[in-house]
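> Sequence:
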Amino acid sequence: MNPPVLALTAGEPAGIGPDLCIALSQQTLPCRVSVLGDVEVLRARAAQLGIAVDFVTGDAIPLHRTGTLHVRHIPVAAPVVAGALDPDNSAHVLALLDAAIEGCLNGSYQAMVTAPVHKGIINDAGFAFTGHTEYLADHSGTKRVVMMLAGGGLRVALATTHLPLREVADAITPALLIEVTRILNADLQSKFGIIRPRILVAGLNPHAGESGHLGREEIDLIEPVLARLRGEDIDLVGPLPADTLFSRIRQEPCDAVLAMYHDQGLPVLKYASFGAGVNITLGLPFIRTSVDHGTALDLAGSGRAEVGSLLTAIDVAMEMVAKQGIGR
Numbered sequence: 098m099n100p101p102v103l104a105l106t107a108g109e110p111a112g113i114g115p116d117l118c119i120a121l122s123q124q125t126l127p128c129r130v131s132v133l134g135d136v137e138v139l140r141a142r143a144a145q146l147g148i149a150v151d152f153v154t155g156d157a158i159p160l161h162r163t164g165t166l167h168v169r170h171i172p173v174a175a176p177v178v179a180g181a182l183d184p185d186n187s188a189h190v191l192a193l194l195d196a197a198i199e200g201c202l203n204g205s206y207q208a209m210v211t212a213p214v215h216k217g218i219i220n221d222a223g224f225a226f227t228g229h230t231e232y233l234a235d236h237s238g239t240k241r242v243v244m245m246l247a248g249g250g251l252r253v254a255l256a257t258t259h260l261p262l263r264e265v266a267d268a269i270t271p272a273l274l275i276e277v278t279r280i281l282n283a284d285l286q287s288k289f290g291i292i293r294p295r296i297l298v299a300g301l302n303p304h305a306g307e308s309g310h311l312g313r314e315e316i317d318l319i320e321p322v323l324a325r326l327r328g329e330d331i332d333l334v335g336p337l338p339a340d341t342l343f344s345r346i347r348q349e350p351c352d353a354v355l356a357m358y359h360d361q362g363l364p365v366l367k368y369a370s371f372g373a374g375v376n377i378t379l380g381l382p383f384i385r386t387s388v389d390h391g392t393a394l395d396l397a398g399s400g401r402a403e404v405g406s407l408l409t410a411i412d413v414a415m416e417m418v419a420k421q422g423i424g425r
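End of the sequence shown sits at 425 in the working numbering; the numbers just go up one at a time, nothing left out.
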């Protein structure tokens, strides 16, 4: 079997995305990696970091080896200074994602891995952009996707993603929970090779509503949905109080946790993964993983950016490629 081909989008050029790509050139990997970015930006960042890199730009993507980096050149629109955002380069950032999506859909790449982008500067440039997850869904024609992070021995998926807290309760509907849970279960089977995933589901309210005294969403909404989905042979436990759910995993292992909102589930995972977490988008017609951190503008070009999350994202992508279809 040929080593898989992964597309790595370099992300915001003023952030640590280029630094991570240069750091990756110092690793040997059992796959082929094509960095989607501006080769001159990467060349300049390598010089700034004092790292010698042999840049390869041909159509053939070789096995990734130490000291080299294959780059699919997609030029920036304006000069890049490490740490200094420029809205003129926002279209370039989105063009990297578009190229990766196209390559995954036509079979050129077996998976895509993304370096961080800066949502604020993309919106300042006039593009409506809430994040990688939503953008990839829109541009691949996917109706519903699920954000899941993995690391520290945990997998945590989210029922809602980038919403103000006051909007979360209204966003959680039976239709949403049914779709999210089905996608989570199906992708754990088809992309992780887990034959019958066990999923722990958090309640929305403190103490999972305390029998309705602290909110009725668990009784009126979450419990009926879980009962319906158990009838489809999906192994679900919950709704459980979020404050004790993660300690329960020590005695009762599971394959994933479904949290109701972003800051309910992710702080625990990010603490447990300690800088090596991975963001995974479920429900897409291709595999996508990402680092779990931001652009870190203050670290760009400094040589202090940590490559651990990117290496883990690549490892997870390769694992998913290898296991794709096993659990079905």
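Errors might be hidden in some of the hints.
Pairs of lysine-lysine residues, derived as DSS-like cross-links and limited to a Cα-Cα distance of at most 27 angstroms, are as follows [to be verified]:
#	residue 1	residue 2
1	LYS420	LYS240
2	LYS216	LYS367
3	LYS367	LYS420
4	LYS216	LYS240
No lab work stands behind these hints: they were computed from the structure.
> With reference to the structure, classify each hint as holding or not holding.
Going down the list of hints, with the structure as the test:
For the hint pairing LYS420 with LYS240, the CA-to-CA distance comes to about 24 angstroms; that is within 27 angstroms, so the pair holds. Among the hinted pairs, LYS216 with LYS367 is consistent with the structure: their alpha-carbon atoms are about 20 angstroms apart, no more than 27 angstroms. About 25 angstroms separates the Cα atoms of LYS367 and LYS420, which keeps this hinted pair within 27 angstroms; it holds. The straight-line distance between the Cα atoms of LYS216 and LYS240 is roughly 22 angstroms, inside the 27 angstroms bound, and the hint therefore holds.
Comparing the model with each earlier hint shows no violations; every hint is respected.
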